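On the provided structure of chain A, position chain B as indicated by the hints.
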Amino acid sequence: MCGLRRAQAVNAPSAAPAPDAGSGGLPGPRRQRSIRFRNVTKRFPGVVALDGVTFDVTGGECHALIGENGAGKSTLGKILAGILQPDEGAVHLGDVPVRFATPRDAREAGVAVVHQELLFCPNLSVAENVFLGALPARAGVVDRTVLRDRTAAVLAEVGASIDADTVVGDLSIAQKQLVQIAAAVAGGSDIIVMDEPTSSISRAEAKRLFELLRHLKARGVTVIYVSHRMEELFRVSDRISVLRDGRYVGTVRTAQVGEDDIVRMMVGRAIEAYFPVHTERAPGDELLRVERLRIPGVCTEVSFSLHAGEILGLGGLVGAGRSEIARALFGLMPGASGEFFIEGRRSDIRTPRDAMHRGIGLVPEDRKVQGLVLGMTAAENLTLASVGDLGRSGFIDREAERRVVERYFHALSVRPADPYRIVGTFSGGNQQKVVLARWLARECRILIVDEPTRGIDVAAKAEIHALIDRLASRGTAVLLVSSEMPELINLSTRILVLRGGRVCGELPRAEVTQERLMTLMAGIVVSREGNA
Amino acid sequence: MNRFRSVLVRLVTIREGGLVLIILGFAGILSLTSGSAVIPQPVPPGADVISDAGSDGTVLVRDRITGREWRHRLTRRVNKFLQPGNLDKLVKNTSFFAIMAVGATLVIITGGIDLSIGSVYCLAAVSGAMFLNYFGPTGPGASAHPVLVTAAGILLCIGIGAAAGLVNGLLITSLGIHPFIVTLGTMAIYRGIAFIMSRAQAYTFFPIQFTDGLIRLQAGPNIYPVPMFIMLAVAVAGTVFLGRMVLGRYVFAVGGNETAARFSGIGVERVKLAVYTLLGVTCGIAAMIMLGYYGSASSDAGKGYELDVIAAAVVGGASLQGGRGSALGALLGALLIQLINNSIVILGIDQNYSQVIIGAVIIAAVFADRAGSGFRAR
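So the sequences go chain by chain: A and B.
When the letters of the first sequence are read in order and numbered with the numbering used here, they come out as residues 66 to 597.
When the letters of the second sequence are read in order and numbered with the numbering used here, they come out as residues -6 to 371.
One thing to keep in mind: the hints can contain errors.
[What the hints assert, rightly or not] Covered by chain B, per the in silico footprint, the following chain A stretches (three or more residues, Cβ under 8 Å): (1) 398 to 410; (2) 433 to 445; (3) 541 to 552.
[As the list claims (entries may be wrong)] Cβ-to-Cβ under 7 Å is the rule here; a few derived chain A residues that face chain B: (4) Pro429; (5) Leu449; (6) Val452; (7) Gly453; (8) Gly456; (9) Gly570.
For the record, the hints were derived by calculation from the structure and aren't laboratory data.
The structure displayed is predicted, hence computed values, not measured ones.
From the three backbone atoms N, C-alpha and C, an ideal C-beta is built for every residue, glycine too.
Extracted from the complex, chain A is given alone in its bound form (with noise of 0.2 Å):
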């Protein structure tokens, strides 16, 4: 893994001038490389994930590629970046037809990859892993001076403010991306591909991100950004392509399309209902009160209630506390006290198995490591918290388990309609409605979905808002973690905000704009940045 992220700041080769030593460590603005992709193709079991792709990116660009799930936007990020190689067709950068075979054969070709699944070696400092491979040394022994001044040069160009000898580790997700970025900067990476950058940084964070972008552009460095958000696609970029079924659909130039044409774009038809109508309804009874919630580095005294009928947004920045809660309300929060009442009884809920005897089920927030059993097939998966409770005398009832699972495949339109796949050859959004259906067959009361929506195409996206409207409709009670504020705004009977561990605050469906939300969950944050 290490290997991925080494930075070739000494021996790259002519298209990765050196830093000079003298200088702070970082190589000056060059000529901008286009992207020509020909005809590039990848075929995987089953699937073929490009088909024929052909489009150009002009050099010192930031170009966007947005498609749904399993569009196959990813996968040309990753034949870029020397993760995959085409079946067909080639890459050819500026005029040369290149054939990356590793990532690192990429990062000396000077294209890094900037990427979620954050690859670091995570015992090691800051500086270390931004000079993986290319350690300034003196007779074999590392010059740590060197190593800390050019580090901190580089963190500086980024702007990061992070001590070069922080171990990795230690780092939030957001700095570990600045810390990427150095990395490519130092080793004289001219094209950067980001892949989902923000899925998982906080709003003011993202903006610094967007602003470093700029910043890079300006240095000619060429950006391919791959994202879901599309809000964000019209900030970054200068034009966007749009891939549909591993097909290349077209580029349009950001500043002359709104978010309807991409939408289109994406999905081959106009998208009505972008978010769900919201259905009306008066809450029923009250099925959990949380009061006095205190874990211990999260949240102080966090009370709740939640009734029958109703889907309480629960909102606030990345670190606020809002999937702890709600690990907490599933008892996988071991440090958690407070007390619950579920139905008006108090209720111990000390593990996942007292939750779910209580009626209440969890869609956790990171689908493939705390969701799926991504090797298992798609029935199995779905029926996993439901199979004890399916047969007797602890055999499986076979026959019931079909039964359930072509209920749910068909109540929720999974596609492909064929439950006995391996799950993880689905998309995002369907591998999503499986993990929402082993809940449904519980016929669970209580429901918390965190972040139902993140890293799934638009689609999908819409269905699973409808069934959760349709869910509370039912008499379902949904506690709903979303950071993606239209998303909380439109689904929500009324949205708790949490801020530094605590409720700050309450606001009623009729009461909420995007203004006062972020006003309330960015409070403390702006400040922070003020004094910053």
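Here is chain B on its own, set in the frame of chain A:
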């Protein structure tokens, strides 16, 4: 004909198909190349030899009652590999490892490992041996009913195995130490206990109801099928457990993604306790067969078995990363390894080569399995 074809098609498409074909092919080659051995052919009971051996190797014999006379061939040429005695030995040797490999496969599927297999086997065997010796024909408790002693001895073997496995599981789940380390420790501890208990003596003289009356029950000259039946029963039980039982499903889920299993309300610790205990049970069963078959045990029984057992599980398709494996595969893996051992004996290859060959086969089998699963996914 159609039936035959459909069996063939299924064989190639199921995960263990490749292994079955390799074993069949290997056995075929062995039976063709092993050559033949000359074995004596005793005169049937109730007949007398009435002449010297002729140049053709036959003698004249006469039936005492009917007075009928015929020429009897004193020796017989048999295929070295296919002769019943060899096959029986092969299956018997396989049975110990296959039974424990089924248990080890469960542990490996959860992403765990157990290095104490050989020591658990030894502890169970020594405990059982001391008990059966005490109540055996020469022991102080000889007056006890031998059938009851047999039943109690079997339960003791399995119970000790289960208890040792449970302790492994408890240490792993409660201390949060990697199973490799925990079982590295218990490997030494269990063997040490067996050594202390037995004072390094071998224990023998068990009730005949347990040995010749059960485990060494003969189905023909030199044919002892009981270990094979127990092995098949364990493999079937393992297959049913993994494929049809809720706990079996959880085993795959824990190995595939422990966090997701926990987030789905699965009691991950309980699942782990269960698999280590079940592995202990299989060690106990194997120990019981060994006691009955050889009629003795000492504290150096089963030394190094853990590696053979893990090798069998891995050759059978279990992934050390967890989430993958099957009971049938474990059985076939054990069979393949014993087949190689057997071939070295009957082909007259220097015994010292056997370790080299088996080591190479383990690596080759796992590599082929990975390549093969990639092929099937396509």
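Hints not upheld, ascending by number: 1, 3, 9
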